[in-house]
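S.K.: Protein chains in written order, with full-length UniProt numbering: chain D, 1 to 271; chain E, 1 to 208.
Since the hints were made in silico from the structure, they are not lab data. Certain hints may be false.
Straight-line C-alpha distance at most 25 Å; calculated DSS-like pairs for lysine-lysine [what the hints assert, rightly or not]:
1. Lys-72(E) to Lys-100(D)
2. Lys-100(D) to Lys-192(D)
3. Lys-253(D) to Lys-96(E)
4. Lys-47(D) to Lys-115(E)
5. Lys-72(E) to Lys-102(D)
Sample of chain D residues with no beta-carbon within 12 Å of chain E, all distances over it, derived [said to hold, decoys possible]:
6. Ser-116
7. Arg-158
8. Ile-203
9. Pro-219
All residues carry an ideal CB built from backbone N, CA and C; glycine is no exception.
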Amino acid sequence: MFIPCDRGGDAAAPDFKGFTLLMPAVSVGNVGQLAIDLVISTLDMTKVGYFYTDCLVPMVGNNPYATAEENSTELSINAEVYSLPSKKLVVLQIRSPFIKNKYRSFCETLLSWVKSSKCARVVLLSSSHAYQRDDEQLLGTPLRYLLTPDLEKAVGGRMKELNWKEMEKVAAYPGISDTDKVLHIPGGGITKLLFTESCSEGIQMAVLLKFCSEGDNIPDAFVLVNYLNEWLQLIKSEVSTNNNSTDPSSQWKIPSSWRLLFGNGHPPALF
Amino acid sequence: AFLSSFILDSVCWEVVGVVKLWNEWCRTSSTTNVLPTDSFCLFYRLIADPTVLLCQCSCYVAEDQQFQWLEKVFGSMQKKGLQVTILSTCPVADYKTQESTLTLVSPFLKALKTKEFQEQVCCPLLEQPNIVRDLPAAVLSYCQVWQIPAVLYQCYTDVIKLDTVTIEAFKPLLSSKVLKSLAKDASESTKILKKFLTTSETHNNIYI
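With the rest of the complex left out, here is chain D:
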């Protein structure tokens, strides 16, 4: 459940009415979570609360978006909420995996919070196993989107303008041609569950995902966050003078916690 940071005296609870909730799915390569880190770090978002739940593995650490000595000592936990009222944006960051059998419980808690806080829509950043693509999906863009029926009415046209590709449905029983087509997001964690629940509960949700594999997923995070930016325009993409193309990758600020992702320095005695 959502617990605000400031609870004393006359501090009003944060109001997310009409906001866009941006959140990651814990999925292959942790791409959604990395992309969210970039958003929070670049937009210098303020932490407004915790999403305290028994569904995620506990972890703590100091401020992952620290820019100086002074702000580096604030404790962070496994699920926190950040907000930027000027852009009507609220972001939930999830930092640890789900505890076994708790997916459904988390989805229910999350969606009930979305409804009670009156968020206008939810944008879920996710990823799916690249090796599960079929022949057609191997060609062209690795990015896909999904919209719940309620959001389709509002922004479906914009997706067409952007020339985005909708996530294809696959045969329920591969090899048998006349079976029903179903949505299949391997490696996507709770993506499919959240999406189908949102469809049935009338919540406006968009899923943005990228096909990828485990490894160095920082480039995947940049691709996904630029994809998001094409639609939501969170940062301005400046035209690069070098090759005259629009490449906003350099405008995203990498958080300080991304250091040492692949281990420590090596012992000098090794060489």
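Since chain D is already given, all that's left is putting chain E on it; use the hints.
M.R.: Just chain E now, kept in the frame of chain D:
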């Protein structure tokens, strides 16, 4: 009812804690199990000052039990005026730093504290990108969310068995406000330390 508590899975602290702080009364979590030594999670209370509680948890609390553990333990405690200190150990190989961990002088202490904790910490804070997991993390998360002042001292050590060097790495804590008044006499601690180490050494002997 008591269940487990702060992570004192630092066996090192077990020695220091039991030896240096306690001369009182403990309770087990199981009603059928009368002997205190049979339980893995013990709570001690200071007879002289019943507001001081110590918990020894020598077992691993699984991730799907941690939340319930917290709710039960903190649920039966008054949160107003509560202050929590957690001690834990961890292998130094888990410590992320620019240099190699082989060149680091271990054991060493690092701390993490909640927003409400205003006192001086006895060692440097744990830098990013290092994190803490398991029961210590669960307890600290709980304290951060519910605005309870709490501090976690994590000792990074390269020794897996009980040893004096790692135990003594926690010594700076004895100068902290909370533990200063609870510390036992130094000579007595040394005696009990020796006893613990001799017991474990006999098990290490592969020759009968």
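S.K.: A separate judgement is required for each hint: does it hold in the structure or not?
M.R.: Hint check results:
1. Proposed proximity of Lys-72(E) and Lys-100(D) is supported: the alpha carbons are some 21 Å apart, at most 25 Å.
2. For the hint pairing Lys-100(D) with Lys-192(D), the CA-to-CA distance comes to about 17 Å; that is within 25 Å, so the pair holds.
3. A C-alpha spacing of about 22 Å is found between Lys-253(D) and Lys-96(E), which places the hinted pair at or below 25 Å, so the restraint holds.
4. Our distance criterion of 25 Å between C-alpha atoms is met by Lys-47(D) and Lys-115(E), whose separation comes to about 13 Å.
5. Proximity of Lys-72(E) to Lys-102(D) is assessed by CA-CA distance (about 20 Å); at most 25 Å being required, the pair is judged to hold.
6. Ser-116(D), annotated as away from the interface, keeps every beta carbon of chain E farther than 12 Å; the closest lies near 19 Å.
7. Residue-level check passed: Arg-158(D) sits 37 Å from the nearest beta carbon of chain E, beyond 12 Å.
8. Every beta carbon of chain E lies more than 12 Å from that of Ile-203(D), the smallest distance being close to 26 Å; the non-interface claim holds.
9. Non-interface call for Pro-219(D) relative to chain E: holds, since the shortest CB-CB distance, roughly 19 Å, exceeds 12 Å.
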